[in-house]
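Asks: If you're matching positions, the sequence shown starts at 1 in our numbering and goes up one per residue.
Check the hints yourself; a few may be wrong.
Computed spacing ranges between beta-carbons, pair by pair [what the hints assert, rightly or not]:
no., residue 1, residue 2, range
1, A67, D394, 30 to 36 Å
2, E352, T495, 19 to 25 Å
3, S154, R463, 34 to 40 Å
4, R98, R463, 31 to 37 Å
5, G140, N458, 17 to 23 Å
6, E74, G121, 39 to 45 Å
7, R463, K353, 23 to 29 Å
8, R151, N458, 35 to 41 Å
DSS-like mimics (lysine-lysine), calculated; alpha carbons at most 27 Å apart, straight line [what the hints assert, rightly or not]:
no., residue 1, residue 2
9, K353, K374
10, K253, K473
11, K493, K265
12, K381, K328
13, K353, K331
14, K331, K374
15, K473, K265
16, K328, K353
17, K506, K473
18, K331, K265
19, K328, K265
20, K253, K265
21, K353, K473
22, K353, K253
Please keep in mind that the hints were generated in silico from the structure rather than gathered at the bench. Each residue gets a CB set at the ideal place from its N, CA and C atoms; glycine is no exception.
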Amino acid sequence: MNEMTKPDLSRGAAFARPPEAADLALPAPALDAPGTGEGQTLVYAAREEPFAFVPHTAPGEADALVAAARDAFETGPWRSMPVTERAATLRRVSALVRDHADELARLQTLETSIVISQSRGMHVARTAENFTFFADLLAGHSGESYEQSGRYLSIVTREPVGVAVLIAPWNAPLVLASMKLAAALSLGNSVILKPSEYAPLAVLRLAELVREAGVPDGVVQVACGTGPGIGNALVSHPGVDVVGFIGGTETGKRIMASAAGSLKKVGLELGGKSANIILASADLERAVDGSLMGIFAGNGEQCLAGSRILVEESVADEFTARFTARTKALKVGDPFDPASEIGPMAFAAHFEKLLAFGETAHSDPAYTVLAGGKRVEGMEKGYFFAPTVVEACDNSTTLCQTELFGPFVTIQRVQGLDEALAIANESEFGLASYIWSDDLPSVMRARRVLRAGTVWVNTPMARDLRSPFGGYKQSGIGRDGLPGSIELFTEEKTTLIPQEPLDLPKMGAGEG
């Protein structure tokens with residue numbers, strides 16, 4: 001392995017190619033996040049080799065970041081810009097994302113190990129769409145007015161909330177960062193964006209494209225670093241008005257506690273342990289296809305994964321056999337190989353955690369391992385965890401209750417819909433649920449009973465940004481999508497105007 005280049009903190013990121021990585025053809029752009037603190041060495045998970053050093057923003061820099069964001073909000077042109085001009089800027093961002101699709105996809109795949117076909121074909125395309133969607137929102141958004149018995153006119157308007165801190169996760173950084181960023185910008189806010197320390201590069205490049213599109217100085221800044229470091233300094237800062245976070249539930253709880261000191265608004269999209277119900281009335285071939293995508297897309301590292309399969313007893317043998325055979329046939333490999341369907345886990349600590357869960361599955365009699373649960377055979381280098389299928393006898397067990405966040409699914413047998421719904425709701429999470437059935441009454445009952453923010457029927461993971469997305473219970477607070485974004489990133493103001501002169505009491509005038 002060649003020596004890492006000495007990090008140049010003023011430049012933002014120092015790159016060193018892993019050997020045999022020339023085929024990646026990755027540029028080394030100047031990524032200008034502030035950085036005077038410690039840093040993170042990024043490791044290419046397929047080879048366990050470092051490829052870049054990214055300096056971290058020191059917690060002491062939070063004051064300067066917030067001051068710059070506040071100044072841009074209070075005195076800059078962004079929030080007062082005509083909506084047509086602001087929308088045009090967001091559309092330029094979308095166009096630049098499409099122009100740089102290959103570069104963004106490669107950066108994301110390099111740092112997250114999401115396979116390149118998904119990074120390019122799904123993630124970058126959705127990133128561009130996020131900016132277009134919220135540009136269109138500006139064109140159709142308007143206030144409200146009410147008349148009160150002919151005497152008053154009440155005018156209700158929404159105004160940008162101010163300085164937003166947006167914290168993006170490592171598992172799908174482009175899509176999830178851009179969804180929050182596009183929403184906050186479209187509504188006139190200034191943003192400090194904190195990517196995960198494990199996956200900052202694609203987000204940093206996205207921020208450069210945002211500025212290139214014409215978003216004014218100070219409106220978008222990036223702070224790289226850890227949650228306990230710069231993350232906490234920003235979340236707890238009294239000059240920050242709103243925090244948007246996507247990530248784990250325990251981290252979300254800490255963010256909520258830190259933000260409480262100044263009663264700032266908080267939007268949290270957190271963990272999940274989503275049930276995937278397969279009824280005898282389902283088209284089993286489609287259910288197998290959708291269930292595989294529901295758990296194994298994005299390497300299984302996704303909060304909305306259908307990680308608990310609940311299959312009706314009468315079709316359990318057939319479904320399980322088909323699903324397990326297809327799981328064993330999945331192509332696990334280098335994420336830059338176009339044929340790969342699953343890449344390695346994103347970083348070493350996460351890989352080790354999944355290995356420990358796999359050991360639990362192999363050693364505990366409550367489980368029967370049908371596939372995986374260990375390192376991929378023949379791949380001794382790289383964080384390659386074999387796609388795992390485990391049959392579980394009890395929903396209260398660790399593997400059925402813990403968000404594993406990887407290519408790891410449990411299967412439980414149920415006698416019918418009622419038992420499936422009861423088990424589905426036996427979780428501290430409530431982000432999403434899936435049901436596969438061609439019986440309309442069963443589907444409609446499931447839709448009513450399931451305690452989850454989204455219910456997918458005969459489909460995996462479809463999204464419409466016009467509709468809300470978020471969780472019940474410990475899966476979060478607030479919603480992404482159109483209505484939730486407006487609620488999070490704006491404040492409502494009511495102005496009351498009398499429609500004719502009022503006859504007011506003359507207090508203090510000495511009249512009886």
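Asks: Please work out if K473 and K265 have their alpha carbons no farther apart than 27 Å.
Replies: Holds, at about 18 Å.
Asks: Would you mind confirming whether the straight-line C-alpha gap from K328 to K353 stays at or under 27 Å?
Replies: holds, 21 Å
Asks: Measure nothing beyond the straight line between the CA atoms of K353 and K331; if it is 27 Å or shorter, mark the hint as holding.
Replies: Answer holds: K353 to K331 is near 22 Å, not above 27 Å.
Asks: Within 35 to 41 Å: is that where the Cβ-Cβ distance between R151 and N458 falls?
Replies: violated, 53 Å
Asks: Using the C-beta atoms of E352 and T495, is the stated range 19 to 25 Å upheld?
Replies: With Cβ atoms ~57 Å apart, the hint is violated.
Asks: Hinted pair, alpha-carbon criterion (27 Å max): K253, K473. Please report holds or violated.
Replies: Distance of about 12 Å is within 27 Å: holds.
Asks: For the pair we were handed, K353 and K374, check the Cα-Cα distance against 27 Å.
Replies: holds, 11 Å
Asks: Is K381 close enough to K328, meaning Cα to Cα at most 27 Å?
Replies: holds, 20 Å
Asks: May I ask you to test the hint 39 to 45 Å on the CB atoms belonging to E74 and G121?
Replies: holds, 41 Å
Asks: Sort out whether K265 lies within 27 Å of K493, counting only the CA atoms.
Replies: holds, 16 Å
Asks: For the range 17 to 23 Å, tell me whether the beta carbons of G140 and N458 fit it or not.
Replies: violated, 31 Å
Asks: Given a hinted range of 30 to 36 Å, is it respected by the beta-carbon distance of A67 and D394?
Replies: violated, 54 Å
In terms of the numbered hints stated before, the structure departs from hints 1, 2, 4, 5, 8, 17, 18, 19, listed from lowest to highest.
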